[in-house]
Amino acid sequence: MSRVFYWILILALQFFVFNHLELSSYLMPQLFILLLITLPLHLSKTVQIIIAFSLGLVADFFVATPGIHASACLWLVLIRFGLLTRIDLKEQESNRLAFNAKTAGVTTFMYVSLILVVFYHFYILVLENLGAFNGAHVFFTTLLSSLFTLLLIGFIQYVSFNRLGE
Amino acid sequence: MQRLLAFIENNLHLILFVVLQIVCGFLVFSLNAFQQAAFTHSANSVTASVNKTVTNITDYLDLRQQNKELQYQLATQFNQSSSGSLLYLKDTFTIKDSTRRPLFSMVPAQVIYNTVNRADNVFIINKGSLDGIKKNMGVISSQGLAGIVLKTSSKYSTVMSLLNTNMKIIPSINGKEYFTELIWDNESPYFMKLQGVNKLEKIIEGDLITTGHSSLLFPKGVPIGTVSKLSSKPNSQYFQTRIKTATDFRSLEYVYVIVNQQKEALEAMLPANE
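Going line by line, the protein sequences match chains A and B. Here this note's numbering is used: the first sequence runs in plain steps of one and ends on residue 272. Here this note's numbering is used: the second sequence runs in plain steps of one and ends on residue 290.
Honestly, the hints are just simulated from the structure, not real lab data. Incorrect hints may appear among the rest.
As the list claims (entries may be wrong) - DEER-style ranges, computed between Cβ atoms: (1) B:Gln256 - A:Phe246: 15 to 25 Å; (2) A:Asp194 - B:Leu20: 26 to 36 Å; (3) B:Ser145 - A:Ser108: 39 to 49 Å; (4) B:Asn214 - A:Ser160: 48 to 58 Å; (5) A:Phe267 - B:Gln256: 48 to 58 Å; (6) B:Ile220 - A:Ser130: 26 to 36 Å; (7) B:Gly222 - A:Phe267: 48 to 58 Å; (8) B:Leu146 - A:Phe187: 42 to 52 Å; (9) B:Ala22 - A:Phe187: 17 to 27 Å; (10) B:Gln277 - A:Val110: 51 to 61 Å.
These numbers were taken from a predicted model, which means no experiment stands behind them. C-beta atoms are modelled at their ideal positions from N, C-alpha and C, and glycine is treated no differently.
Please model the entire structure based on the sequences and the hints provided.
Rendered as structure tokens:
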């Protein structure tokens with residue numbers, strides 16, 4: 107039940123707040139990918155691929171980018187498979203736990219998140235700007251948006267930790 | 017056979033990944049701007065209504081600034097109406113020609129979704145075919161030109177923003193029309209680029225760029241922007257001109273869709289290839 111609430115909260119934040127953020131044209135944080143980063147470890151790879159594609163398609167509908175988020179989400183889970191095989195998470199997997207800062211450790215979680223978040227922003231920006239590629243715009247938007255998204259992810263993990271720890 | 021089945025079973029996720037990426041590739045590369053518009057908001061009442069709700073909330077928070085802009089706009093229109101060319105009629109404005117035939121009317125609309133970060137930006141407005149909006153109608157803000165309608169559904173329309181690499185506008189500088197294209201080069205949401213203006217032309221920084229006579233979508237004289245920077249390469253006979261857009265697309269809230277009431281009649285008078 108709490109996982110359903112968590113999904114609704116993150117998606118609402120993305121579609122109601124961050125998609126409409128007008129602080130800077132270099133800032134387009136994609137917080138909803140946290141849902142894919144923290145998918146439960148026991149889920150089969152096929153199920154994870156289907157979840158990623160569905161979630162990406164929903165995100166596409168909200169921001170008028172047919173296929174871009176769906177494609178990026180698919181790559182994100184594939185890279186996540188590769189990264190998580192290098193980490194020993196068998197115990198967490200057998201206990202049906204999600205991948206997060208509490209189960210995997212802060213350093214490991216933020217290391218994986220960093221790679222996935224930067225990749226995701228870079229990928230969607232390249233696809234969105236294919237018609238008139240502007241390297242500096244893509245670079246700075248990737249940098250700022252990734253940094254902002256990572257800060258949000260860190261904050262959400264910190265809040266969840268404290269709540270769970272009580 | 018068994019080995020093949022085992023291979024498929026072991027790599028089902030990879031096969032699925034490839035198949036779904038092909039689907040995504042089709043969506044990304046085969047849909048042009050017009051079809052993308054059809055795929056998204058204007059055709060999708062769920063996402064459009066979510067974005068509309070958010071806009072209603074942010075509008076409330078932004079009322080003070082919007083009031084100022086409306087006041088300014090009404091004052092400008094009041095001043096212009098003294099010449100008898102612009103009349104205020106309920107919620108639409110009508111511009112008439114010298115023989116008092118209605119030329120353009122404007123339907124007010126609200127922006128419910130807007131992008132400025134992409135190469136091909138669009139925005140969605142809360143008026144559609146039921147309000148008389150049709151494809152290829154011009155859209156202006158209280159500050160200046162904003163875009164052209166790409167597609168309409170019954171209640172919503174998708175508009176190609178001026179900040180779109182497919183947008184090409186013939187500008188008029190200080191009232192003189194230049195048959196060169198004003199384009200957006202995906203550098204900044206505040207600036208556009210104008211090439212092909214000869215160095216012999218008398219243009220200086222700060223000059224006003226407006227719409228001219230050559231378009232049936234906009235009345236003459238709608239501000240597009242101002243010349244913010246003039247530069248040129250030594251061996252080129254043309255200026256490289258940077259234009260500051262009149263409309264601030266990052267805070268675009270209220271717009272007017274321009275209905276050319278004589279469009280069919282005027283188009284019938286044009287040569288077949290135009």
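Taking the hints in turn, this is what the structure says about them:
no. : hint                            : verdict
1   : B:Gln256 - A:Phe246: 15 to 25 Å : 23 Å, holds
2   : A:Asp194 - B:Leu20: 26 to 36 Å  : 33 Å, holds
3   : B:Ser145 - A:Ser108: 39 to 49 Å : 44 Å, holds
4   : B:Asn214 - A:Ser160: 48 to 58 Å : 55 Å, holds
5   : A:Phe267 - B:Gln256: 48 to 58 Å : 54 Å, holds
6   : B:Ile220 - A:Ser130: 26 to 36 Å : 31 Å, holds
7   : B:Gly222 - A:Phe267: 48 to 58 Å : 56 Å, holds
8   : B:Leu146 - A:Phe187: 42 to 52 Å : 48 Å, holds
9   : B:Ala22 - A:Phe187: 17 to 27 Å  : 20 Å, holds
10  : B:Gln277 - A:Val110: 51 to 61 Å : 53 Å, holds
Going through the hint list in order, the structure satisfies each hint without exception.
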